[in-house]
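If you want the building blocks of each chain, they are given just below.
Number of protein chains: 2
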Amino acid sequence: MGEFVPKGTRWFDLPSPFLMKRGGCLNAAQLAYESWGSLNLARDNAVLIVTGLSPSAHAASHEANPEPGWWEAMLGPGKAIDTDRWFVICVNSLGSCRGSAGPASINPETGALYGLSFPELSIEDGARAAHALVRGLGIVQLDTLIGCSMGGMTALAYLLQFPGTARRHINICGAAHALPFSIAVRSLQREAIRLDPLWNEGEYTDERYPESGMRIARKLGVLTYRSALEWHGRFGRVRMDNELREDEPFGLEFQVESYLEGHAKRFVRAFDPNCYLYLSRSMDWFDTAEYGEGSVERGLSRIHGTQSLVIGISTDILFPVEQQEQIAEGLALGNNKVAFLAFPSPQGHDAFLVDFDRFDPAVRRFLAGEGLPASDPLD
Amino acid sequence: MGEFVPKGTRWFDLPSPFLMKRGGCLNAAQLAYESWGSLNLARDNAVLIVTGLSPSAHAASHEANPEPGWWEAMLGPGKAIDTDRWFVICVNSLGSCRGSAGPASINPETGALYGLSFPELSIEDGARAAHALVRGLGIVQLDTLIGCSMGGMTALAYLLQFPGTARRHINICGAAHALPFSIAVRSLQREAIRLDPLWNEGEYTDERYPESGMRIARKLGVLTYRSALEWHGRFGRVRMDNELREDEPFGLEFQVESYLEGHAKRFVRAFDPNCYLYLSRSMDWFDTAEYGEGSVERGLSRIHGTQSLVIGISTDILFPVEQQEQIAEGLALGNNKVAFLAFPSPQGHDAFLVDFDRFDPAVRRFLAGEGLPASDPLD
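In the order they appear, the protein sequences are chains A and B. For the first sequence, my numbering begins at 1 and goes up steadily by one. For the second sequence, my numbering begins at 1 and goes up steadily by one.
Calculated from the structure, these hints are not laboratory results. Everything numeric in this text was worked out from a predicted model, so none of it was measured. Possibly wrong hints are sitting among the right ones.
Chain copies aren't distinguished; within one or between two, either way the pair holds.
Dumping the calculated SDA-like pairs for lysine to any residue here, alpha-carbon to alpha-carbon at most 25 Å [claimed, not checked]:
id, residue 1, residue 2
1, Lys265, Val238
2, Lys7, Ala112
3, Lys265, Leu198
4, Lys265, Pro197
5, Lys265, Leu195
6, Lys21, Leu252
7, Lys265, Arg194
8, Lys265, Asn200
9, Lys337, Gly294
10, Lys21, Glu248
11, Lys21, Glu243
12, Lys79, Ala339
13, Lys21, Met240
Kindly generate the complete structure, drawing on both the sequences and the hints.
As structure tokens, this is what we get:
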């Protein structure tokens, strides 16, 4: 497991036993996190970031780990999330393999890997673990809670379970519940892993590892993280160089295939398959309608006292922009002040990781309390 | 192979040797087809249908096979494609396993299955084989050539290779070349099959068959044949009945997963994996820009003397509607009379197989020479 964890990670001991929403509990479980900047005396300048499925807590470089983080462009001194002003915490999701307790961590009670004996994981569990960390750091109320992708779900679960614990909230490419297309994509990713004989009901080793299943799962992920529009402009029908082509039947030939291959190669050994299955399924299960007698909007309206910025991407097929609009509408129903931005970024769901021309000014102005940019700052 | 071929199929002997575009040739190869109605004395009432990747030539029932065909609602006496008036031929694509020569057929020269020794297959080969059949039936000029999905590519290849051989042309959910998103989807489908150890470089048997690979390939196909919008309305977040749920880790739980499972179960043993690979790749390779010095539109403008109806679906993510618009624009450049219809059907790429309220009147009026319905007949 050590190979998955960034240098300079810190650990927080979760209260024990930590009860899980769907049953079971964790004992002596830890949560990995990193932080930037300093908590002020009033303890009111904290920003918590909850992540998508695969990122670690290493959102940006710091002294203990100068490697660039997954949101390096957004986070640091003078950046949109200004660490000279804010005390920023990024937590590795409960269930992930990047340092937090999960299927790839050791069960302290048995001394063996959890594997599939890890209890069923829900988005709410991840939110409760993150909240325990925040309280453990001595923070009663966050200034801002930021969630991207799966983290958008986690942020909503946080606000629903702990009313009033975040003065503000930025929800990026999130969803109030999973819709059937996304469920189908994730189900197929999980099936590719499960069908790999080397998955072996979760009992794999480094030597006998479900590499084929992870490869398919990741490529299918990348297919849904980007957009046809972006790829059209970026790859067209350009072929790979001859010397890079595979000399086997039906081998890769087009540059877009080579791009997917590069993503798969970097990922298959860098993320634990069982953790992938647990986190993926937790997204399918998440449904704010549980908090609103069957209505997503009513569920969201239970959130009070949080000023929100909700951002979606018009080319996102995995968390389509209608879902962020729904979040904004639901929050508004609860008398929360809400701004909703729909960016026309060509990069699909992943735009928040690349389209900083749009994301930087929107997040910067919201955090600075200077209002919001126009719906498309690049128009 | 027999199990894949519908009852009542007829066979046509292709000229021998049949040269393939990318090299190699077929000897004593056959093409499977079915027909409805009668050829008139002037031999000018013939309609040819070229199909998508998986359908057989059994587009509709007839005396020799009363089973409903894949376009039963559109084809028959008094229907949109009226077999009282037209002599309709549907051809099983060259390379398919539904009766035509392909990787799953016997090589007459060796007495063994072709398997991967079948020569590389291009869309143009399929079009030339279909044209040979039409000539073999004594028809010099078709009244109408109809192509759906992959068949839309085949129809364009037919018109480019045999100018003036179709007075009219209906292109449904087709494309003038494959774009990177579709290439990526198909590449991933092929990779799922190739990664299945039981594919065994194309040397599988009924007992040792790449069922897992075909299952993933088919489910990924169905994901791209339909639309998120349709599934949202159809499945929502409804769960499967408890007794239908799989009692295994990460087993299926939502109805949309059960729907995909049903599609996979019906398909994996009903289509030959090697044929799937050959036909899938032929779509990636197809590019009308080869006929226009690198320009798709100029390539299409080489088609002359054909009146065309081009139909696309606004929710199609595999052959997006911009691609049908491009076909219409390219054909218009060649001074062909062209009508373009973009239907807002929620069913995505597969709409032509289900949304007959829109497809019936459009095809009916075009074939009857009565002009065209408004862009959306249901508006």
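Results for each hint:
1. Lys265 - Val238: within (21 Å within a copy, 36 Å between copies)
2. Lys7 - Ala112: The answer is within: 23 Å in one copy meets 25 Å, while 59 Å across copies does not.
3. Lys265 - Leu198: both (17 Å within a copy, 23 Å between copies)
4. Lys265 - Pro197: Close inside one copy (19 Å) and across copies (19 Å); limit 25 Å.
5. Lys265 - Leu195: both (19 Å within a copy, 15 Å between copies)
6. Lys21 - Leu252: Only across copies: lysine 21 and leucine 252 sit 20 Å apart there, 44 Å inside one copy, limit 25 Å.
7. Lys265 - Arg194: Both ways: lysine 265 and arginine 194 sit 19 Å apart in one copy and 17 Å across, limit 25 Å.
8. Lys265 - Asn200: both (21 Å within a copy, 22 Å between copies)
9. Lys337 - Gly294: within (24 Å within a copy, 53 Å between copies)
10. Lys21 - Glu248: between (48 Å within a copy, 20 Å between copies)
11. Lys21 - Glu243: For lysine 21 and glutamate 243, only the inter-copy Cα distance (24 Å) is at most 25 Å; the intra-copy one is 52 Å.
12. Lys79 - Ala339: within (21 Å within a copy, 53 Å between copies)
13. Lys21 - Met240: Intra 48 Å, inter 21 Å, cutoff 25 Å: inter-copy only.
Of the numbered hints listed earlier, not one is contradicted by the structure.
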